[in-house]
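Chemist: Since chain W is already given, all that's left is putting chain U on it; use the hints.
The chain contents come next:
Protein chains: 2
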Amino acid sequence: MHQRSAHRSLLVVGSVAYDDIDGPFGFHKDLLGGSASFIARAAAYFTKNVSVVGVVGDDFEQKYIDELSALGVDVSGIERTPGETFHWVGRYAPDLSTRETLDTRLGVFATFQPKIAEHQRDAQLVLLGNIDPALQLDVLRQVRAPALVAMDTMNLWINIKRDDLLKTLAKVHTLMINDEEARLLAEEHNLRRAAAKILKLGPTSLIIKRGDAGALLFHGGGAFAAPAMPLADVKDPTGAGDSFAGGLMGYLAYAGDLSPKTIRTAMIMGSVMGSFAVEKFSVDGIRDLTPARIQQRFDELTELVQFERVRL
Amino acid sequence: MHQRSAHRSLLVVGSVAYDDIDGPFGFHKDLLGGSASFIARAAAYFTKNVSVVGVVGDDFEQKYIDELSALGVDVSGIERTPGETFHWVGRYAPDLSTRETLDTRLGVFATFQPKIAEHQRDAQLVLLGNIDPALQLDVLRQVRAPALVAMDTMNLWINIKRDDLLKTLAKVHTLMINDEEARLLAEEHNLRRAAAKILKLGPTSLIIKRGDAGALLFHGGGAFAAPAMPLADVKDPTGAGDSFAGGLMGYLAYAGDLSPKTIRTAMIMGSVMGSFAVEKFSVDGIRDLTPARIQQRFDELTELVQFERVRL
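As given, the protein sequences belong to chains W and U, one line each in that order. For what it's worth, my numbering labels the leading residue of the first sequence as 801, then goes sequentially. For what it's worth, my numbering labels the leading residue of the second sequence as 801, then goes sequentially.
Everything labelled a hint here was simulated from the structure, so no lab data went into it. If you're wondering where the values come from, they're calculated on a predicted model, not measured in any experiment. Check before you lean on any hint, since a few could be wrong.
Taking lysine-lysine pairs in the BS3-like style, the calculated list, with each CA pair at most 27 Å apart, reads [unchecked claim]:
#, chain 1, residue 1, chain 2, residue 2
1, U, LYS961, U, LYS971
2, U, LYS997, U, LYS967
3, W, LYS961, W, LYS915
4, U, LYS1080, W, LYS997
5, U, LYS1000, U, LYS961
6, U, LYS997, W, LYS1080
7, U, LYS1061, W, LYS1061
8, W, LYS915, W, LYS848
9, W, LYS971, W, LYS961
Derived list of chain U stretches under chain W, where covered just means 3 residues or more per stretch with a C-beta under 8 Å from a C-beta of chain W [stated by the list, open to error]:
#, region
10, 913-920
11, 985-993
12, 1006-1014
Going by beta-carbon spacing under 10 Å, a handful of chain U positions derived as facing chain W [claimed, not checked]:
#, residue
13, PRO894
14, SER897
15, THR901
16, LEU935
17, LEU1031
18, LYS1061
19, ASP1099
20, GLU1103
21, LEU1104
22, PHE1107
Think of the CB as a built atom: it goes at the ideal place given N, C-alpha and C, for glycine as much as any other residue.
Just chain W, same shape as in the assembly (with noise of 0.2 Å):
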């Protein structure tokens, strides 16, 4: 599915990181994390018309980016600085329902101040990942026309930077977040309330993520639901949210147009390289699948919502 002539650029923001994750499943440690990695993994099944901006600490190990080099991605705009890549240390409840920060040390992210090279400044497709949103707003500064902007924020950001991202917020297309982040930005408990206050705020649609529920897309009135897969293996929820921004970018790139159906079609894809992306721990999930893989996953998806069309 590489070979499309037409493929759109996609250009994505966001940190690569390394996360020590404790839960039902014991403790690991120095797991590769951040949401450019799940991303650019995930979009990059779709096209090879990918480029990362982030920033990693002389700790990082070379291997991460390399095997995304050899996925095609393009890895310049990763720059390595002194000091340590940024580290998120978190804990899942036993049924892996919620999870706790036990640390964050920031290390190079601290300072990380995205810059985007010329050849990636004609990006068509920008992927906001979640980051300080004054800095995802700088990045947008930097950009010169794209066809769509999506961003993804969470918690810390609305609660101590809301000024700023209520400015970002107003430049983007697309919002993606969890259900708990939409209900905290709008002040509302019920999501389609919640949606309408946010599409008021500057974004033409808001995907809500939510989990084992799916995703919510509210858009000019209207709404899609794409299912979840009841999956009975579920090793590690990170990256989940991020797989599935990759997978809707990747295959918009892919696609080449933004259109309402071509949409539906995307977050499908995102459903289906989120559910790859909690099977296992890290990337793994999404490190080795193959396009039949990907469609095998699609057609189940597709099965698990058929029905037929009836008239009383």
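Modeler: Chain U only, in chain W's frame:
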């Protein structure tokens, strides 16, 4: 949609009750409630071949029984005995996401012994609402050869009457419970694994109701996900699961077959009726519907999950 002649007969056994409900929209006293009240009303939109077995006290307003009768429901099995009608008092959290039981006064329900009349014993579809599993089993001893027996249950019975529940489960085709009940019954958080365990207890299919995350059907290794309508106005979740069950079973009675395809459509009809139920208090949300409004929401749910099947 009542005119089809091949309608199967549906027997509903459950509670008829008064509810006092506190929550974000104030305190509402003496609302019509009970599983059978929601189930029969929802089912009656699809078929006139519904009969109800239940019990009320001498405080119960006759008008509610007359209303069901006017919908074509056979209410001859609703017995009236001296004493207080079953009364549930509950309080919802401000965001409606959780509820607690403040008081349960069983009243005449404490000595309820379902008596299935001769003309009801050949019912082709049987829906056992959430009552003591020993009583559910007693109903199954009285009916002859139903093509489909579905049942609901709740945390209380799973906790204090597990042995009786397991005996009843071994005799039914379909169990319909919510996600928390499925986890409790299977002693397993993961819903796919919980489903696999529950399907070893007797039922050939399991329907897990997940509120605004929709409903999942598991049977014979396969799965179906029915979406929930994202609603802006949710007033009272009471009876949503029973309305879902009534819509589902009513549609099955109407359709006249139990093929996997028909069951999927029936799940969507269940979701339709559940979505109407939560928009108003008591049975008001499913009180004055028309075939056109039901069809409209069915079509909206269809559109909600519609996407193009692509090949990569």
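Chemist: If a hint holds in the structure, say so; if it doesn't, say that too.
Modeler: Consistency of the hints with the structure:
1. Using a Cα cut-off of 27 Å, the hinted pair LYS961(U) and LYS971(U) holds, with the two alpha carbons roughly 16 Å apart.
2. With a C-alpha separation of about 15 Å, the suggested pairing of LYS997(U) with LYS967(U) holds against the 27 Å cut-off.
3. Simply put, LYS961(W) and LYS915(W) have alpha-carbon atoms about 21 Å apart, close enough for the 27 Å limit, and the pair holds.
4. With a C-alpha separation of about 23 Å, the suggested pair LYS1080(U) and LYS997(W) falls inside the 27 Å cut-off, and the hint holds.
5. A C-alpha spacing of about 19 Å is found between LYS1000(U) and LYS961(U), which places the hinted pair at or below 27 Å, so the restraint holds.
6. As the CA atoms of LYS997(U) and LYS1080(W) are separated by approximately 23 Å, the hinted pair is consistent with the 27 Å bound.
7. Under the criterion of a C-alpha separation no larger than 27 Å, the hint pairing LYS1061(U) with LYS1061(W) is consistent with the structure, at around 25 Å.
8. A threshold of 27 Å between alpha carbons decides the hint, and for LYS915(W) with LYS848(W) the separation of about 21 Å falls inside it, so the pair holds.
9. Annotation: proposed proximity of LYS971(W) to LYS961(W) holds, straight-line Cα distance about 16 Å (limit 27 Å).
10. Coverage of a stretch by a chain is defined here by at least three residues with a beta carbon nearer than 8 Å to that chain's beta carbons; for the region 913-920 of chain U and chain W the count is 0, and the condition is violated.
11. Counting residues of the region 985-993 of chain U whose CB lies closer than 8 Å to any CB of chain W gives 5, which reaches the minimum of 3, so the coverage claim holds.
12. Residues of the region 1006-1014 of chain U with a Cβ under 8 Å from some Cβ of chain W number 4, which satisfies the need for three, so the listed coverage holds.
13. A cut of 10 Å between beta carbons decides the hint on PRO894(U): the least distance to chain W is about 8 Å, and the hint holds.
14. Against a cut-off of 10 Å between C-beta atoms, the interface hint on SER897(U) holds, since the closest Cβ of chain W lies about 7 Å away.
15. Using the Cβ-Cβ criterion of 10 Å, the hint placing THR901(U) at the interface with chain W is not satisfied: the shortest such distance is roughly 22 Å.
16. For LEU935(U), the interface hint is violated, since its Cβ never comes within 10 Å of a Cβ in chain W; the closest pair sits about 32 Å apart.
17. Annotation: LEU1031(U) was flagged as interfacial toward chain W, and the flag holds, the nearest CB pair being 6 Å apart, inside 10 Å.
18. A distance limit of 10 Å between C-beta atoms decides the matter here; for LYS1061(U) the minimum to chain W is near 6 Å, and the interface restraint holds.
19. At about 8 Å, the closest approach between the beta carbon of ASP1099(U) and any beta carbon in chain W falls short of 10 Å, and the interface hint on this residue holds.
20. Annotation: GLU1103(U) was flagged as interfacial toward chain W, and the flag holds, the nearest CB pair being 8 Å apart, inside 10 Å.
21. For LEU1104(U), the suggested interface contact is upheld, since its CB lies about 5 Å from the closest CB of chain W, less than 10 Å.
22. Nearest Cβ of chain W to the Cβ of PHE1107(U): about 4 Å, under the 10 Å cut. The hint holds.
Hints 10, 15, 16 from the earlier list are contradicted by this structure; the remaining hints agree with it.
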